[in-house]
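J.: Given only the sequences and the hints, what does the whole structure look like? Please build it.
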Amino acid sequence: MSIEISNITKTFDSFKALNNIHLKINTGELVALLGPSGSGKTTLLRIIAGLERADGGSIIFDGKDNTKKTTQDRKVGFVFQHYALFKHMTVFENIAFGLKVRPSKLRPSKEEINKKVHELLALVKMEELAKRYPSQLSGGQRQRIALARALVVEPKVLLLDEPFGALDAKVRKDLRRWLRKLHDKYPITSVFVTHDQEEALDVADRIVILNQGKIEQIGTPEEVYDNPVNPFVYNFLGNVNLFHGRVHKGKAEFGSLKLDVPEHLEARDRQVVSYTRPHDIEICLEAQGHEFIAAEIIFIRAIGPIVNLEMKRVDNGEYIEAEISKENYRNLKLKLGQIVYVKPRDFRIFIPEDYVI
Amino acid sequence: MSHTVKSFRIKQHSVIPGFGITMGFTFLYLTLLVLIPVSMVFFNSSSIGLVKFWEIASSERVLASLKISFGTSFLAALVNAIFGLLIAWVLERYTFPCKKIVDGLIDLPFALPTAVAGISLTTLYAPNGWIGKLFASLGLKISYTPLGITIALIFISFPFVVRTVQPVLKSIDLEVEEAAACLGATRLQTFIKVIVPELLPALITGFALAFARALGEYGSVVFISGNMPMKTEITPLLIRTKLEQYDYAGGTAIAAIMLIISFIMLLVINIFQWWASNRHK
Ligand SMILES: Nc1ncnc2c1ncn2[C@@H]1O[C@H](COP(=O)(O)OP(=O)(O)OP(=O)(O)O)[C@@H](O)[C@H]1O
Ligand SMILES: [Mg+2]
Chain A
1055 MSIEISNITK TFDSFKALNN IHLKINTGEL VALLGPSGSG KTTLLRIIAG
1105 LERADGGSII FDGKDNTKKT TQDRKVGFVF QHYALFKHMT VFENIAFGLK
1155 VRPSKLRPSK EEINKKVHEL LALVKMEELA KRYPSQLSGG QRQRIALARA
1205 LVVEPKVLLL DEPFGALDAK VRKDLRRWLR KLHDKYPITS VFVTHDQEEA
1255 LDVADRIVIL NQGKIEQIGT PEEVYDNPVN PFVYNFLGNV NLFHGRVHKG
1305 KAEFGSLKLD VPEHLEARDR QVVSYTRPHD IEICLEAQGH EFIAAEIIFI
1355 RAIGPIVNLE MKRVDNGEYI EAEISKENYR NLKLKLGQIV YVKPRDFRIF
1405 IPEDYVI
Chain B
4 MSHTVKSFRI KQHSVIPGFG ITMGFTFLYL TLLVLIPVSM VFFNSSSIGL
54 VKFWEIASSE RVLASLKISF GTSFLAALVN AIFGLLIAWV LERYTFPCKK
104 IVDGLIDLPF ALPTAVAGIS LTTLYAPNGW IGKLFASLGL KISYTPLGIT
154 IALIFISFPF VVRTVQPVLK SIDLEVEEAA ACLGATRLQT FIKVIVPELL
204 PALITGFALA FARALGEYGS VVFISGNMPM KTEITPLLIR TKLEQYDYAG
254 GTAIAAIMLI ISFIMLLVIN IFQWWASNRH K
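As they're listed, the protein sequences go chains A and B.
Counting from 1 along the first sequence, just add 1054 to a position and that's the residue number in my numbering.
Counting from 1 along the second sequence, just add 3 to a position and that's the residue number in my numbering.
FYI, nobody ran anything at the bench for these hints, they're computed from the structure.
Source: prediction; values computed, not measured.
Glycine residues also receive a C-beta, built at the ideal position from the N, C-alpha and C atoms.
Here are some, though not all, of the chain A residues that point toward chain B, as calculated from beta-carbon distances under 7 Å:
no. : residue
1   : L1105
2   : T1125
3   : Q1126
4   : F1132
5   : F1134
6   : A1138
7   : F1140
8   : H1142
9   : F1151
10  : G1152
11  : V1155
With a straight-line cut-off of 30 Å between C-alpha atoms, the simulated DSS-like cross-links for lysine-lysine are:
no. : chain 1 : residue 1 : chain 2 : residue 2
12  : B       : K173      : A       : K1070
13  : B       : K173      : A       : K1185
14  : A       : K1123     : A       : K1078
15  : A       : K1164     : A       : K1179
16  : B       : K196      : A       : K1159
17  : B       : K173      : A       : K1129
18  : A       : K1122     : B       : K196
19  : B       : K196      : A       : K1169
The calculated label-pair distances, taken between Cβ atoms and stated as ranges, are:
no. : chain 1 : residue 1 : chain 2 : residue 2 : range
20  : A       : E1181     : B       : V199      : 21 to 31 Å
21  : B       : N281      : A       : W1232     : 28 to 38 Å
22  : B       : V199      : A       : G1358     : 46 to 56 Å
23  : B       : N281      : A       : N1168     : 24 to 34 Å
24  : B       : V199      : A       : P1241     : 29 to 39 Å
T.: See the structure below:
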């Protein structure tokens, strides 16, 4: 089922939690809502589910306007951040709930309910825990029960609010892979909220980046990671190095570093910020022209295949982070306190007046 | 979890130290305040012997009074359980002007001397009183009937259910109700299947307290009941009548009977309450 969110605005008292949100989610997509705390992710999800009323705009499911429909009629699966399981019901009863509350004409028989619940228990790998109460489960088990409970009614739309938030890294990874597989197996459209960029980049078909109630960028993981439209997105998706400098007629100057920037030919002596990811920093032992900056190595972490380096620029004392391969690290024979020459291999320049940094 | 016998777990980790002292104090306190006075009732009544005791217990007047006492108290507690739940709901879930004042009004039946409550209720519900007049025109008599007794008992035991249910209602996570709505449950289904089970232990506690309070009530009932033997005479009044006639043994015998029945009923309610609050642990 496709979801079209158009022109959604939501204000709490005088605080604008969502501002003019436009978003189209295609049938079968797994979309991640990514953003810092308080950016309006939960609010948007609740509006899609009908748990919250928007001040303006509309929610359209498969071309049909759903804005005025109640939550019960929207038939969406919702997995809450804190599970929201029914405490006084066993795992079995929790999962069966969605089937048991159907009007008698549509309600499956006892045997059918039984079969369906066990099917889902098998899906979330928790068959042996059917008789437990939620208070007797671990966080990860509760989370899976919450998922099974939402899936039992076979919703066409699944909304998940930080589904793996409270779990440890290993379980998180397992569960999100599991979600991806589930998604590929069933015809379902999912939106999941997260503030973990790695999680979003890992499983989502598309990522929607929210900030202060506004959408900053929508795109596939590669698009948003490789082509962030603004400094916020750049900053939010992984580590970055900032170089402050100025641009004049297509030439950029960052201290002793001089670069050609053909895309800013018309700029006249503007303050700019350049962004470079740590793995796009090149390190040489000798200076080669104006494209390099001298920096002193102040920290080395050589665990795993990637070596993290922290350096301090000699000219203005700013810090630079770099990631290089272990092989490269061995070839260069880098040591603490050594002076090296650094060059951004790939960078993006933003003129700050357009954005608040 | 289900293998451990909870009721026999004597010592477990607790944030308050001094298990021995606190436990000893609890027993001493209960003995002095509850056990000794209550056993005096049995001690006094035992002087008359079993045969006489049975004679008193099975006399028609005593049986009639017990029926009225337990019947009206049970009814009053039941009415309070239903409407107390409703009021607690309104106070917790809705905002309206003067909510604080309304909330404060709930406790008033506790503060009012019960005799005052009895007199004002009697005048209101008497056949020529404001409310009594309306019912009288329908041919319904309230004051000086078991119905009147029930109304007085509803009044004096009213705060219990509201006050026991309110905090539990407050602690119920709204998300749980939203989860039910997402699964297609109607409001009524959510209320019956999700909210009521969570409230049940508190509701039963409130019911038991209201019931116990109503059973022991005397001050307000004497005014509104009319005290006609066999018809509107409650057991506490009958006991008093006996005592006034210097029939101490007879009075305490009736008291003992009432105590036994009350104890059994409260025990049953407590077992039910224990079950309701422990089944999902
Ligand atoms: N019921 C409410 N009343 C008032 N303000 C609210 C309410 N719900 C949310 N807000 C505000 O709206 C903003 C967005 O909240 P929301 O819960 O959508 O954030 P979020 O992106 O989900 O954050 P988090 O990652 O911390 O869960 C926040 O600033 C929050 O304080
Ligand atoms: Mg949230």
